[in-house]
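**Student:** One letter stands for each residue in the lines below.
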Amino acid sequence: MSLLDLKDNKPSKVKAFPAYIINIVILVLSMRSLDFLAIENVHSIFFLTPLFYWIIHKPAITPLWFIFLSGLAIDFAIDGLLGLHAFLFVTLTMILFKIRRIILSQPALYHYLMFAIIVCGFEIIRWCMASLLTWELWSLWPSLLAIVINIVAYGPILLVLKGVHRVMSGYGR
Amino acid sequence: MGKSSIGLGLTTREMSISTCQDRKVGKTASVFLALSVSLLITNIISTDFSNKTKHFISDYTLGISDALTTPVNALSDKIARVKTMWEIQETHDMLSQENERLMQWYQTANRLDAENKALRELLKMKDDNAVSYRAGQVIDDTKTQYSHTILVRLGENDGLEKGRGVLSHEGLIGRVIETGRETSRVLLLSDVNSRIPVTIDGLSDRAILAGTNNGDPILDHLPETNGVKPGQKIITSGHGGIFPYGVPVGETYLTDNNQIAVRPYATPERASYVQVVDYGVPAGSTSRSVASSSLPTLR
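Line order of the protein sequences matches chains A and B.
Quick note: the first sequence, position 45, residue 441 per the numbering used here, numbers continuous.
Quick note: the second sequence, position 135, residue 137 per the numbering used here, numbers continuous.
Hints are not guaranteed to be accurate.
[As the list claims (entries may be wrong)] To list a few chain A residues with every Cβ distance to chain B over 12 Å, as calculated:
#	residue
1	Lys411
2	Ile513
3	Ala549
4	Gly551
5	Ile553
6	Arg562
7	Val563
8	Gly566
[To be verified] Partner residues aside, some chain A positions facing chain B, computed with beta carbon under 8 Å:
#	residue
9	Val424
10	Phe472
11	Ile474
12	Asp475
13	Gly476
14	Leu478
15	Ala482
16	Thr487
17	Leu529
18	Glu532
[What the hints assert, rightly or not] Some residues of chain A that are not near chain B, with every Cβ distance over 12 Å (derived):
#	residue
19	Lys409
20	Phe413
21	Tyr416
22	His507
23	Tyr508
24	Phe511
25	Cys516
26	Gly517
27	Val544
28	Ile547
Derived from the structure by calculation, the hints contain no laboratory data.
Every residue gets a Cβ at the ideal spot worked out from N, C-alpha and C, and that includes glycine.
Work out the full structure: start from the sequences and follow the hints.
**Tutor:** Okay, here's the thing in structure tokens:
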């Protein structure tokens, strides 16, 4: 995070409290998998939306240690490979930090497109790594459905995050 | 102004400070990256270590996970209840018929139990395979694409050991694979790592019930000339020393690609409490202790 963010943009802990709560709620939702009629055990990482949003708009809300622990929490909760989600989250954060200024200067549709690309990349890398590390060729359908769900859920989650952001910035008053 | 300005309205001084800070973040991120990579490598090299770490943490974060999962579970229960309301008449009719059938079975079982006891008495048989149960709450259900396990609030403190069979109120759901101080992880029948030696009730054919992580488990290593048909009852064969002979598992059916799959009697997602059973089976034993266990009371 840059000094500019630290000095000018870092909100007080009280103001940022709703954002922390929302992050934790979405993190908990990301620990559950969904069952559909045709495809079972679709594990959508909804936490990618707040991660993407806050790193672009307010990096102080999601410090690196929180992102790392969130990844570990998901690994623990789903009894997955310890460190897999932590690794992916931290890598994603590093990439987003590098390009956040470029994304920030673009229209909302571009944000959506970027998010879709990130979700696709994230799910495909997760699938590849899990397949490689466990030496088992997993079905791709749950991952593809997880991508679709995440892209569809981006809108509603974004509305909530924007609302929280407004309250946090004091525009809501 | 004395300051040169670049894109986004930032001065060159602010930009250089920002770049400096970004480098700092890069270093911190590298530390976390290295940490997660080393965790991943440890996980691959020593699964035992990572399982122990997971159990150590879950033992100490029981309260937190309870607090986090309670509202989610409550919401799932509410949704399930709404679904049940739609099917209530159908369920009622089905249960009435099942109850009638069960009552008939109960009478038969009582008669057979009495007969069994009398015959055992007559033969002076020693019953050394006493079944002991321990009930525990399911605190986490982790059914994902990559693993099918549940976490149960029973651990070494409750006398639990690895390999014990786990039943829900509907039937067999899996076995204990890891034990912590307060919690244990149960590998479900549907997990790709689950292998249970089974046999087809009434036939001598043996097979391995193998999980697939994708739907119901399938029957593996069946003899080429087997007499298995859809709708047959699958029971444990007693080999491997975890389950005794005769624990009901499920019913066979044919999949779209002509594989014989088993629809388990139990659905772990619906179980809030499970029973961890110690059949007292020594390794390699094929004793038939289930038949000798006393009958439960039917209300």
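**Student:** If a hint holds in the structure, say so; if it does not, say that too.
**Tutor:** Consistency of the hints with the structure:
Once the 12 Å rule is applied to beta carbons, Lys411 of chain A is consistent with being away from chain B; the minimum gap is 22 Å. Separation of Ile513 of chain A from chain B is adequate, the least Cβ-Cβ distance of about 21 Å exceeding the 12 Å criterion. Look at Ala549 of chain A: its CB is around 16 Å from the nearest CB on chain B, clear of 12 Å, so calling it non-interface holds up. Gly551 of chain A, annotated as away from the interface, keeps every beta carbon of chain B farther than 12 Å; the closest lies near 21 Å.
With a cut of 12 Å on Cβ distances, Ile553 of chain A stays outside the contact zone with chain B, its closest approach being about 16 Å. The claim that Arg562 of chain A is not at the interface with chain B holds, since no C-beta of that chain comes within 12 Å of its own (minimum 22 Å). Even its closest Cβ contact with chain B, about 22 Å, leaves Val563 of chain A beyond 12 Å, as expected for a residue assigned away from the interface. The Cβ of Gly566 of chain A lies farther than 12 Å from every Cβ of chain B, with a closest approach of about 22 Å, so its non-interface assignment holds.
A distance limit of 8 Å between C-beta atoms decides the matter here; for Val424 of chain A the minimum to chain B is near 5 Å, and the interface restraint holds. A cut of 8 Å between beta carbons decides the hint on Phe472 of chain A: the least distance to chain B is about 6 Å, and the hint holds. Interface restraint check for Ile474 of chain A: the shortest CB-CB distance to chain B comes to about 5 Å, inside 8 Å, so the restraint holds. With its C-beta approaching chain B no nearer than about 5 Å, Asp475 of chain A sits inside the 8 Å limit, and its interface hint holds.
For Gly476 of chain A, the suggested interface contact is upheld, since its CB lies about 6 Å from the closest CB of chain B, less than 8 Å. Taking 8 Å as the C-beta contact cut-off toward chain B, the hint placing Leu478 of chain A at the interface holds, the least distance being around 5 Å. For Ala482 of chain A, the interface hint holds, the least distance from its beta-carbon to any beta-carbon of chain B being 4 Å, beneath 8 Å. For the restraint placing Thr487 of chain A at the interface with chain B, the shortest Cβ-Cβ distance is roughly 7 Å, inside the 8 Å limit, so the hint holds.
For the restraint placing Leu529 of chain A at the interface with chain B, the shortest Cβ-Cβ distance is roughly 6 Å, inside the 8 Å limit, so the hint holds. Satisfaction of the interface hint for Glu532 of chain A is found here, the shortest Cβ-Cβ separation to chain B being roughly 7 Å, below the 8 Å cut-off. Chain B leaves Lys409 of chain A outside its interface by the beta-carbon criterion, the shortest separation being 20 Å against a cut-off of 12 Å. With a least CB separation of 17 Å from chain B, Phe413 of chain A remains clear of the 12 Å interface cut-off, as annotated.
With a closest Cβ-Cβ approach of about 14 Å to chain B, Tyr416 of chain A is found to remain outside the 12 Å limit, as its non-interface label requires. For His507 of chain A, the condition that its CB be more than 12 Å from all CB atoms of chain B holds, with the nearest at approximately 17 Å. Every CB of chain B lies more than 12 Å from the CB of Tyr508 of chain A, the least distance being 22 Å, so the non-interface label holds. Every C-beta of chain B lies more than 12 Å from that of Phe511 of chain A, the closest at about 20 Å, which supports listing it as non-interface.
Every beta carbon of chain B lies more than 12 Å from that of Cys516 of chain A, the smallest distance being close to 16 Å; the non-interface claim holds. With 12 Å as the threshold on Cβ separation, the claim that Gly517 of chain A sits away from chain B holds: the shortest Cβ distance comes to roughly 17 Å. For Val544 of chain A, the requirement that its beta carbon stay farther than 12 Å from each beta carbon of chain B is met, with the minimum near 15 Å. Once the 12 Å rule is applied to beta carbons, Ile547 of chain A is consistent with being away from chain B; the minimum gap is 18 Å.
Checked against the numbered hints given earlier, this structure breaks none of them.
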